[in-house]
Amino acid sequence: MKSLSGYSDASLCKKLAGYIKRLAKDLGRPVSFMEVCGTHTMAIFRFGLRQMLPSEVHLISGPGCPVCVTPPSYIDLAIEISKIDGVIIATFGDMVRVPGTHSSLEKEKARGADVRVVYSPLGALEIARKNPEKRVVFLAVGFETTAPTVAAGVLRARQEGLKNFHILSGHRLIPPAIRALLAAGSNVDGFLLPGHVSVIIGSGPYEFIPKEFGVPAVVTGFEPVDILLALRMLLSQMSEDRQEVEIEYNRAARPEGNEKALEMLYKVFEADEGQWRGLGRIPESALSLKHDFRFLAAEGVFDIALGPSREPSGCRCGEVLRGVLEPEECGLFGTSCTPQHAIGPCMVSSEGTCAAHYKYERSPAPLERA
Amino acid sequence: MSIVHKDERILLAHGGGGSLMRGLIEDLILKRLNNPVLARLEDSAVLPPLPGGGEVTSGRLAFTTDSYVVKPLFFKGGDIGKLAVCGTVNDLAASGARPLWLTLSFIIEEGFPIDQLERIVDAVSEASGQAEVKVVAGDIKVVERGAADGLYINTSGIGVVAEGVNLSPSLIKEGDKVLVSGPIGEHGMAVIAARDQVELDIDVESDVAPLGGLVRDILDNGQAVHFLRDPTRGGLAAVLNEAASAAGLTIRLFEDKIPLKSGVKAISEMLGLDPLSLACEGRMVAIVEGKGAGKILKQMRQSPLGKEASIIGEVLSPLVARVILETKVGGRRTVDMPYGEELPRIC
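Here the protein sequences come in this chain order: L and Z. Here the working numbering is used: the first sequence runs in plain steps of one and ends on residue 381. Here the working numbering is used: the second sequence runs in plain steps of one and ends on residue 353.
Fair warning: there could be bad hints in the mix.
[Unchecked claim] Derived lysine-lysine pairs resembling DSS-like cross-links, with alpha carbons at most 25 angstroms apart: (1) Z:Lys263 x L:Lys25; (2) L:Lys25 x L:Lys174; (3) Z:Lys140 x Z:Lys37; (4) L:Lys26 x Z:Lys334; (5) L:Lys94 x L:Lys120; (6) Z:Lys140 x Z:Lys179; (7) L:Lys32 x Z:Lys334; (8) Z:Lys334 x Z:Lys263; (9) Z:Lys263 x L:Lys26; (10) L:Lys25 x Z:Lys334; (11) Z:Lys82 x Z:Lys304; (12) Z:Lys37 x Z:Lys179; (13) Z:Lys313 x L:Lys120; (14) Z:Lys271 x L:Lys25; (15) L:Lys174 x L:Lys26; (16) Z:Lys334 x Z:Lys313; (17) Z:Lys263 x L:Lys141; (18) Z:Lys77 x Z:Lys263; (19) Z:Lys301 x Z:Lys147; (20) Z:Lys271 x Z:Lys313; (21) L:Lys26 x L:Lys36; (22) L:Lys94 x L:Lys118; (23) L:Lys301 x L:Lys271; (24) Z:Lys334 x Z:Lys271; (25) Z:Lys77 x Z:Lys179; (26) Z:Lys297 x Z:Lys313; (27) L:Lys118 x Z:Lys77.
[Unchecked claim] Label pairs and their calculated CB-CB ranges: (28) Z:Ser50 x L:Leu133: 51 to 59 angstroms; (29) Z:Gly278 x L:Arg262: 41 to 49 angstroms; (30) L:Lys278 x Z:Gly152: 56 to 64 angstroms; (31) L:Leu133 x Z:Leu47: 49 to 57 angstroms; (32) Z:Lys301 x L:His69: 42 to 50 angstroms; (33) Z:Arg46 x L:Lys94: 55 to 63 angstroms; (34) L:Arg167 x Z:Phe80: 31 to 39 angstroms.
[Claimed, not checked] Not the full set, but computed from the structure, chain L residues with beta-carbon under 7 angstroms of chain Z: (35) Gly29; (36) Tyr30; (37) Leu173.
By construction, these hints were calculated from the structure, which means they are not laboratory data. Computed from a predicted model, the values in this text were never measured in an experiment. Backbone N, C-alpha and C define an ideal beta-carbon position, used for all residues, glycine too.
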């Protein structure tokens, strides 16, 4: 494994924090930067980076946790499918505890549903091979990072002639979500763009952020030095009155992205309108199976009449996902909604904003006297 | 003639109280764990008077029990047998007791391979020798296939707390130092690596080991040691949150002082786990008088199981957060009580 220890060098981090402080002071006004990706949110909290920033620099979390943005209707559909005899649900672990309108996969599992946690779509394929008499439904949730692997799984299933492998696509795309946020009138001064997603799609799809909305953006890696450096780059753009998409994460992300992964992705999927928790319906923001692969879509295989889906009562995950509400401002946070008894997905997922706030920075902030 | 054969499996009748069970106990258990108290095979162990001649001739008794359901039964660095001895011995040691006697009870699933049972009892024998404790009573129950997952163990232990030894979170005070006896998270990571689901080519061994000796060494300091705890389920994060809450104070940790093997660190990052909440089975956390901390650290490091001991933090007056961590890069965050259930059946 290549050492990344240089990217968490304490003296370099302190130096960068110093630059950030000076640039922020020179700007003379408070700024808000949004980290779009859930992995960034967790890294920022785990390394305690917010405590290193001056009070003028405010970080807000965006709609970058895949499980969190998945709408209740998707969860409800997955739950209904799990109740069908002979079905195995294969899913990433975070999804299991997300509450739907009336139940969760965790509760259905306790009642006898066959719900299995996998680490990749290939794990789901393996379950399908081993259980030819069962129908395996993989909950395909995630952004541009996960979708190519799922596409590879779909291609493999077709090649092997696996008849019992299905997917329920909940894939979402990042750039349309950022566009929707900006179009709705956002006060974000700059974006930390998700490094992993950008490895796949490159920096091109984000060009509308500076061009149409005049907002700086930086493609950012996940180590402390990456994040601090990207914040400095955003502040530099602001102080020099530049608006562009820059790449801080240049050891992995290139402007053109990963053409091979994109080719595989769009061989299997096409962009479609999608419902987001908190953001509503966004055009061209979801991935649906293309015509040739639609026979694998779980929606077509099982005939399910779904009742109306609703958000958990009192849950304000939608506003948290739009970056307009701090978790602590939600009446449920830390009282009736905790990681043990989560009401909203942002508290359930390991990448959720509420979980990060609860786990690493329960209000009031550390070092405050009791 | 022996009635236990290598290729045999446990039958329901092995737990039936008849001659088959008697044979199993005599051939498999007593051969490995023989001592005069156990050998009587009576309804209860009648214990000798507290060992005289040594440092413990009187004192209060410490008594504890724990069940072991680790999955899988065998992992790098140990198995359920070694764990069942060390876990209970360490609970006694953390109370300041010198561990003396253990009970050993098995619940075994019908069909369990007898050679695996032999390996497990061998490990019990070796670990109890290392821990200087005697298994003085035991039990075997066999349940039908499917009613248990292979084999479970319960051990109970008795130890004696010497005069003058007094450990309690209520003794923790501002200015105390926090020590840990070695690198954290290795048991938890070894068990994760041994599970089929995660294919990881890593060289992480469980730290499972009996800590009675290490504790005896540092308790020579009498009043300077305020609190001891072995960070098992929930790891360092859980132990320190409990200690800080009970004391009504705050503990501040320094990330760069916490011993952590590179393998554990790398895999934690990959799987999104926090090493601070991974289980140890051979480490002791000590909260000690600030002034005596250097001396106690030295004693820990002289003990064979404490070579990599480190002072990892200090006790502050109460803040809102119970445990805070100064991160390596100069940031700061709360260390929360882990929620549990992320890694079921770790011990």
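Checklist entry - Looking at the structure, which of the earlier hints fail to hold? => result Violated hints (numbers, rising): 2, 6, 11, 12, 13, 15, 17, 18, 19, 25, 29, 30, 35, 36 and 37; every other hint is consistent with the structure.
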